[in-house]
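Colleague: Residue numbers (the UniProt record's numbering), protein chains in the order written: chain B, 1 to 324; chain F, 1 to 324; chain Y, 1 to 324; chain W, 1 to 324; chain V, 1 to 324; chain A, 1 to 324.
Simulated from the structure, these hints should not be mistaken for laboratory data.
Keep in mind that the hints are not guaranteed to be accurate.
Some, not all, of what chain B presents toward chain A, calculated at C-beta under 10 Å [to be verified]: (1) 13; (2) 14; (3) 115; (4) 159; (5) 194; (6) 203; (7) 255; (8) 291.
Rough simulated footprint, nothing fancy, chain A against chain Y, three-plus residues with beta-carbon under 8 Å [stated by the list, open to error]: (9) 40-50; (10) 63-74; (11) 98-104; (12) 298-310.
Virtual Cβ for every residue (Gly too), placed ideally from N, Cα, C.
Number of protein chains: 6
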Amino acid sequence: MKPPFHQPVDAAQVPRFAGHSTFMRLPVVSNAEGLDIALVGIPWDGGTTNRAGARHGPREVRNQSSLMRRAHHVSGIAPFSVANVADVGDLSVNPIDLLDSLKRIEAGMTAIVRTGAIPLSVGGDHLTTLPVLRAVAKERPVGLIHFDAHSDTNDTYFGDNPYTHGTPFRRAIEEGLVDPKRIVQIGIRGSVYDPGEHDWAKDQGIRIIYMEEFLRRGAEDVMEEARRIAGDGPTYISFDIDSIDPSMAPGTGTPEIGGFSTREAQQMVRLLAGVDIVGADVVEVAPPFDLAGMTALAGATIMFELLCVIAGQVAAGRTVAGAT
Amino acid sequence: MKPPFHQPVDAAQVPRFAGHSTFMRLPVVSNAEGLDIALVGIPWDGGTTNRAGARHGPREVRNQSSLMRRAHHVSGIAPFSVANVADVGDLSVNPIDLLDSLKRIEAGMTAIVRTGAIPLSVGGDHLTTLPVLRAVAKERPVGLIHFDAHSDTNDTYFGDNPYTHGTPFRRAIEEGLVDPKRIVQIGIRGSVYDPGEHDWAKDQGIRIIYMEEFLRRGAEDVMEEARRIAGDGPTYISFDIDSIDPSMAPGTGTPEIGGFSTREAQQMVRLLAGVDIVGADVVEVAPPFDLAGMTALAGATIMFELLCVIAGQVAAGRTVAGAT
Amino acid sequence: MKPPFHQPVDAAQVPRFAGHSTFMRLPVVSNAEGLDIALVGIPWDGGTTNRAGARHGPREVRNQSSLMRRAHHVSGIAPFSVANVADVGDLSVNPIDLLDSLKRIEAGMTAIVRTGAIPLSVGGDHLTTLPVLRAVAKERPVGLIHFDAHSDTNDTYFGDNPYTHGTPFRRAIEEGLVDPKRIVQIGIRGSVYDPGEHDWAKDQGIRIIYMEEFLRRGAEDVMEEARRIAGDGPTYISFDIDSIDPSMAPGTGTPEIGGFSTREAQQMVRLLAGVDIVGADVVEVAPPFDLAGMTALAGATIMFELLCVIAGQVAAGRTVAGAT
Amino acid sequence: MKPPFHQPVDAAQVPRFAGHSTFMRLPVVSNAEGLDIALVGIPWDGGTTNRAGARHGPREVRNQSSLMRRAHHVSGIAPFSVANVADVGDLSVNPIDLLDSLKRIEAGMTAIVRTGAIPLSVGGDHLTTLPVLRAVAKERPVGLIHFDAHSDTNDTYFGDNPYTHGTPFRRAIEEGLVDPKRIVQIGIRGSVYDPGEHDWAKDQGIRIIYMEEFLRRGAEDVMEEARRIAGDGPTYISFDIDSIDPSMAPGTGTPEIGGFSTREAQQMVRLLAGVDIVGADVVEVAPPFDLAGMTALAGATIMFELLCVIAGQVAAGRTVAGAT
Amino acid sequence: MKPPFHQPVDAAQVPRFAGHSTFMRLPVVSNAEGLDIALVGIPWDGGTTNRAGARHGPREVRNQSSLMRRAHHVSGIAPFSVANVADVGDLSVNPIDLLDSLKRIEAGMTAIVRTGAIPLSVGGDHLTTLPVLRAVAKERPVGLIHFDAHSDTNDTYFGDNPYTHGTPFRRAIEEGLVDPKRIVQIGIRGSVYDPGEHDWAKDQGIRIIYMEEFLRRGAEDVMEEARRIAGDGPTYISFDIDSIDPSMAPGTGTPEIGGFSTREAQQMVRLLAGVDIVGADVVEVAPPFDLAGMTALAGATIMFELLCVIAGQVAAGRTVAGAT
Amino acid sequence: MKPPFHQPVDAAQVPRFAGHSTFMRLPVVSNAEGLDIALVGIPWDGGTTNRAGARHGPREVRNQSSLMRRAHHVSGIAPFSVANVADVGDLSVNPIDLLDSLKRIEAGMTAIVRTGAIPLSVGGDHLTTLPVLRAVAKERPVGLIHFDAHSDTNDTYFGDNPYTHGTPFRRAIEEGLVDPKRIVQIGIRGSVYDPGEHDWAKDQGIRIIYMEEFLRRGAEDVMEEARRIAGDGPTYISFDIDSIDPSMAPGTGTPEIGGFSTREAQQMVRLLAGVDIVGADVVEVAPPFDLAGMTALAGATIMFELLCVIAGQVAAGRTVAGAT
């Protein structure tokens with residue numbers, strides 16, 4: 001029997017351009033109670049040091065997510081049939097106060113996590129991942145599979161400012177939110193401030209797979225290693241849209257040419273199946289720099305790919321539970 | 001005591017870029033029961049003979065309406081304090097069937113009108129006004145104050161097709177939905193198919209105020225005449241965004257240079273106060289041809305101006321009723 | 001001796017930005033008599049359920065085709081030297097009447113086919129391929145090599161509407177216009193309405209090569225199979241521009257990330273040599289969603305690639321005939 | 001009896017987005033023989049010192065002119081009913097040789113003028129007006145009514161280069177092509193190289209009506225003076241699109257804020273009725289800098305306005321001639 | 001004798017598209033010593049509550065200012081001949097720390113003011129005017145002529161945050177930087193949070209001239225009053241680009257339709273002559289939302305208009321001094 | 001000890017959007033004396049036969065180069081630590097005189113070359129490479145590694161014009177500036193004027209590696225051959241941005257689909273290490289056709305990649321010299 005899960009609007013009865021814009025055309029719910037997966041926006045970019053705009057990301061990703069349908073054509077997973085999913089809205093943020101925003105995001109995400117729902121969020125700049133990790137990893141450090149052009153493990157900015165979208169993962173390690181031995185960063189590329197810029201990260205045990213290594217090895221091999229690094233423990237997935245090439249994702253704050261194709265990105269996300277995902281995000285979609293919604297569409301599709309993987313995990317857990 | 005009306009999201013607590021996108025950031029309600037004014041989208045452009053795109057109008061007008069605040073700076077009217085207003089969603093339409101869509105729109109609008117709420121809709125192309133009038137004017141013909149670059153009183157197209165966005169008002173007259181003696185069209189301009197193109201309309205008694213006459217007389221004088229033509233009877237307001245100049249409203253299907261400035265349009269809408277408005281629309285906002293949301297912003301602001309006028313009318317009625 | 005074929009304007013005497021815009025800068029002729037290959041536009045998108053705009057495709061593809069030169073740099077084929085080619089204009093369509101348009105397109109295309117010219121058309125949405133097939137396959141079913149992100153074999157829409165741009169190939173099979181055993185669809189990808197969405201197509205015998213299979217096998221292997229499936233019989237080629245990645249072809253109604261690169265698309269079209277092509281099209285170029293003419297340029301170049309293949313086929317036939 | 005003049009395509013049978021793109025959807029003819037008015041493109045911008053792009057002007061003005069209909073809504077003139085008008089194509093130009101282009105343009109325009117047709121051309125940058133005047137004013141100097149933000153009477157550039165788009169009217173005076181006493185320039189504005197920059201022009205007898213004077217006096221008063229200055233003699237009309245405000249005509253090489261509204265421009269062109277027009281142009285439409293075709297639409301509409309005035313003049317002459 | 005002032009690059013020798021981009025093509029100097037007028041950028045938008053982007057304003061205003069020439073065509077003032085003007089670069093800012101930025105801007109501006117140069121700055125959002133006033137009005141309160149769509153005298157945001165781009169002038173009054181009796185705000189319009197939103201400002205003595213009053217009275221009358229309000233004392237000019245209509249200045253964070261035309265804005269700035277200007281700014285140019293550089297061009301031209309007025313004031317002072 | 005080389009602005013103290021726009025945020029110097037590598041703009045496109053705009057290339061490449069950091073993440077080379085590099089500004093050009101511009105460019109480049117600095121320039125159209133070679137190869141012919149979609153070895157245009165952006169390398173061979181046996185062209189593709197179009201080039205000994213051959217062989221193999229062809233002698237590197245796919249570099253005059261990915265381009269440039277580079281350029285970036293700065297970013301990054309290779313070469317020479 002089909003469970004009474006939330007269902008998206010039926011595109012054969014309500015055209016995709018009609019109706020209110022929500023993630024995947026799902027119902028909006030006021031909180032995450034009863035959900036398996038909570039889709040949530042974090043519209044904040046106060047950690048951005050150059051081109052802001054990711055604050056507008058959730059709205060445009062919602063718009064473009066109207067193009068998503070009900071099932072994955074490769075895995076066959078129909079997420080809305082096997083998991084209860086809904087749009088829980090945007091977390092509270094403060095556009096002019098960085099520290100207040102970090103607190104608000106952590107509080108909002110903690111409320112979701114406490115219901116048992118797995119959060120799948122759309123940023124916002126990459127600094128938003130820090131308060132999300134504070135909520136998700138409150139109990140124990142988590143592993144991290146991180147797709148990005150940048151390592152985001154810088155130390156400070158303008159003297160001693162510890163919080164920018166270039167520093168979240170150094171802070172997360174310092175705060176014990178992530179286990180550096182279980183971190184893998186994939187797609188890192190672009191000019192650096194210093195030849196030794198990534199030494200600290202590597203010293204912590206982070207595995208950096210540069211774009212050049214990815215090109216030599218391919219997605220399957222790289223993701224096998226990534227799954228091995230993350231291991232069996234709880235793992236967070238962070239997908240910075242700037243890991244994708246700027247021709248396919250121009251709407252972002254720090255573009256670097258030579259990025260992943262969307263095909264490669266899709267393939268890698270699909271190969272996350274089997275990881276114990278406790279949360280995931282898509283960040284740095286910055287609509288003011290986007291072209292024809294292209295980046296928001298890429299973001300919405302990666303979000304759908306992540307959703308299908310997490311729904312598969314939910315379904316697997318449910319089946320086992322049901323079998324007991 | 002402040003009545004328990006629906007209120008928009010507070011922009012000092014939830015930034016304008018955050019949250020779901022609804023008309024004026026108001027709550028979404030499932031039907032119009034209890035509302036004084038129902039904000040509604042009609043995402044359909046199947047009557048468009050050249051550049052389609054107005055089907056995407058409601059979504060983008062909703063997005064830009066996030067910039068509207070709570071009170072009118074000239075009239076002082078605070079619409080959400082004096083009237084119960086909400087977003088009732090989009091009417092059902094069929095993107096590939098013209099006649100089916102006309103029926104669906106009429107049915108959807110009839111359901112709203114029956115609750116007693118005054119509909120304020122966003123199109124869609126101008127043909128959508130025909131089924132709206134079928135709902136609004138079911139009982140008796142209404143007057144019409146019509147802002148447009150085009151008279152939209154053509155007869156047929158491609159032989160004998162009676163329904164396009166160039167024909168709604170001829171059909172409405174033929175069907176007895178509008179009283180031609182109580183119709184005024186303001187802003188008409190641009191090249192015509194035939195020097196006698198407007199003869200039929202004039203023969204019916206429609207008063208056409210061409211742009212050139214408007215320029216000579218000004219908004220106050222023209223609107224005094226418009227109010228006189230509409231008289232005391234129930235009147236519908238139809239605002240085609242292409243009445244505004246293409247530099248201020250490029251996102252429309254049939255642009256004509258030499259249009260109204262937005263200042264003139266705002267002034268005219270404000271001068272509708274006193275008319276007995278039974279419904280109103282803003283049509284022909286076509287986002288695929290828009291620039292930076294400029295047309296959708298103009299559409300959203302005109303919608304807000306109309307809302308304030310209608311709310312003033314509601315408040316006036318309410319006061320009287322309360323006084324009894 | 002160089003045959004007295006129609007020749008494009010000489011770009012060393014008339015710059016590419018000068019002169020009237022026609023397909024490949026060829027002369028316009030009033031009908032297809034005497035032509036080997038007829039270039040034709042089908043400016044209609046009334047079967048589009050979400051983002052319309054392909055009605056504007058032929059005009060922009062003509063504009064961008066001004067960048068094409070006289071010979072293919074790989075095959076060496078100089079199409080205008082070996083075949084008589086011209087721009088026969090656009091077929092008659094009716095923007096507000098779906099069924100009337102299907103009749104007009106079929107009639108227009110039948111007039112071309114009767115002259116013996118091979119039609120190479122530019123849509124228009126994908127529903128236009130149905131009336132084209134009704135003209136091309138009047139005598140016998142044809143094979144089909146179909147490049148697309150979507151199978152376009154859905155059944156109905158909004159209850160019982162049989163004709164949308166998602167249904168042409170189901171209708172074509174039902175009408176006996178194509179032999180399902182001789183159909184191959186290449187590049188299919190993206191989320192689906194149902195995990196079993198393609199079951200009907202597969203049951204008919206259609207061979208679907210998903211993007212993922214293409215990535216594993218490569219263009220040469222896939223096209224060898226495609227040629228084998230089409231066999232020796234008359235075959236139609238349908239190229240939906242959304243088979244190409246949205247970063248390279250953003251101007252289309254239903255974009256799906258993870259698509260073909262233009263290099264792959266060009267390679268596949270070149271590997272059509274040897275197929276008995278009786279007609280071909282490039283569809284779903286939607287300029288209102290395009291960026292800098294990029295999609296129209298891709299469409300024009302794919303059209304040129306198809307033209308060279310068909311011209312090679314014409315030349316081969318001509319040579320044989322000449323040898324007799 | 002309606003004369004057998006060339007007629008535009010009927011938009012009620014062929015949608016505006018269909019068919020080849022020509023000026024006003026008129027037939028293309030190979031030369032001007034038999035025409036009253038020849039519509040012609042001059043796709044060349046080699047005199048541009050900053051932002052080139054007007055070479056692409058004729059193509060985009062043709063595209064946007066598809067929105068023009070058959071009659072003028074104010075004057076009632078139906079140009080295609082009272083004059084024989086057609087699109088004679090683009091003049092030959094050489095993109096990389098300034099002097100060769102001036103010769104080619106003069107030759108091409110001379111061929112048109114010799115047939116007796118009145119040329120109405122679309123540039124191209126403003127230097128193209130010089131060779132046009134060499135053709136039109138071969139026999140005697142003409143008057144000039146010139147709408148522009150700039151006087152275009154500079155002397156030389158980069159030392160001693162006499163030909164740029166800032167110098168045509170100084171050259172035309174020196175060559176005796178225009179009578180400086182019969183020149184009026186309207187709309188001049190913007191910062192200047194030198195406070196005395198216009199002294200030479202004024203010394204020749206040119207009447208410069210700056211934007212500020214226009215604002216004080218209005219279009220009627222200014223145009224009455226303009227007609228008086230031009231007098232009864234043969235007069236050329238040159239309309240630089242940058243006379244219009246950049247918000248309404250952004251696609252031009254040298255934008256200056258504070259320009260004419262399109263309404264004012266239309267009004268002024270209409271007030272040219274009565275002038276003995278021997279040729280006219282619309283120049284400096286530069287599509288690479290345009291937005292959504294807005295400038296090309298303004299250019300096409302001004303062209304239509306000019307066409308109606310000239311057609312009225314043709315009709316008046318024809319009537320008289322017929323009466324004889 | 002021409003004084004040895006800094007001169008812009010000569011456009012007849014170095015095309016406008018060549019060379020490094022500086023304000024008005026002037027030399028860059030490392031500090032304001034010896035300058036009469038210092039052109040300076042303040043690239044910061046951390047006070048923006050909705051659409052950020054004004055941090056990119058100075059760079060694009062510099063780019064577009066390459067179109068400015070050497071003299072004003074109405075006043076005849078040649079600013080670089082009568083005053084020593086240069087580009088002193090951008091003030092130091094901190095993108096992620098609001099309070100630190102306010103300090104840095106105040107310090108940078110103080111260094112300029114101490115040299116005796118009059119600062120003419122380009123923002124940045126409107127909060128940047130607060131630290132500028134702290135520098136300019138250190139000694140005594142100044143008058144303020146303020147062009148804007150918004151009064152920017154709100155109190156707090158998100159509870160108790162005192163600093164946003166909606167609050168600078170309330171803070172400036174509270175800090176005694178401006179004399180509220182000598183403040184005039186021109187062009188205020190748009191919906192408000194509360195019908196009494198401007199009561200505080202009016203209670204302080206600020207004169208608000210709404211757009212509607214401006215339309216009735218015209219620029220000359222309004223500016224006569226503005227000059228009277230500012231009086232003979234030192235006065236600061238603040239020009240928010242959103243005072244101009246969004247069709248002419250779309251690139252801004254808080255657009256309101258119904259704004260000034262650029263002609264009106266230019267006229268008003270010219271009528272500032274005679275005011276004792278101690279500093280001026282153009283703020284809220286937000287390039288990520290701009291179209292074709294239109295807003296930056298408007299900003300650069302308003303900056304040039306302000307420069308000419310201030311240079312005239314400098315020249316007047318210099319003449320007197322020289323006469324002694 | 002860190003040598004006293006010119007250093008870019010520190011992005012941790014001055015945000016990337018702040019400050020004047022120079023190549024790589026380096027200081028501007030008035031001439032190349034003392035530099036190892038001179039970064040220089042050549043803003044001229046007078047050789048362009050279709051879509052001009054590359055004259056605006058240097059300005060936008062400077063803007064986007066603000067995103068470059070200090071070291072290469074693969075080679076580890078920190079160019080500003082091992083070589084003295086600065087922005088020497090733009091060469092003098094004449095927008096309306098082709099021959100004068102060729103002389104000016106040659107003169108400007110000769111002045112740079114004489115200081116011993118290696119020029120790394122940004123065009124400008126590809127004809128600018130001819131006068132650069134006249135300066136660089138004054139003493140002896142050089143080798144050439146040339147990335148492009150087009151061979152640019154055409155002969156004449158419009159009869160007998162020898163100089164366009166399609167002819168520079170034929171002229172360079174005729175003038176003895178390059179040794180045709182040491183020329184390799186990589187990435188050539190797209191339709192040709194004639195099947196034998198490249199015969200002349202091949203007859204001279206030029207090695208053309210078409211895109212199709214590149215796809216079969218890969219970057220490493222192709223670049224090994226390229227280095228072998230260039231040999232040990234002095235070699236010039238010319239990178240036409242249209243070698244990259246139009247989806248990644250749309251802002252160019254002659255786009256050809258099926259181009260290099262930026263990843264491939266980066267890989268090839270890195271494999272230039274070991275070649276004796278005497279000069280290099282990036283040409284044909286045409287901002288008026290660009291999207292969101294994407295092409296300028298690609299151009300700036302390729303420039304950085306070239307800079308790192310040349311800096312490595314400088315460092316190697318310096319080390320050796322220092323060791324002596």
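Colleague: Which numbered hints are broken by the structure, listed smallest first?
Modeller: 1, 2, 3, 6, 9 and 11
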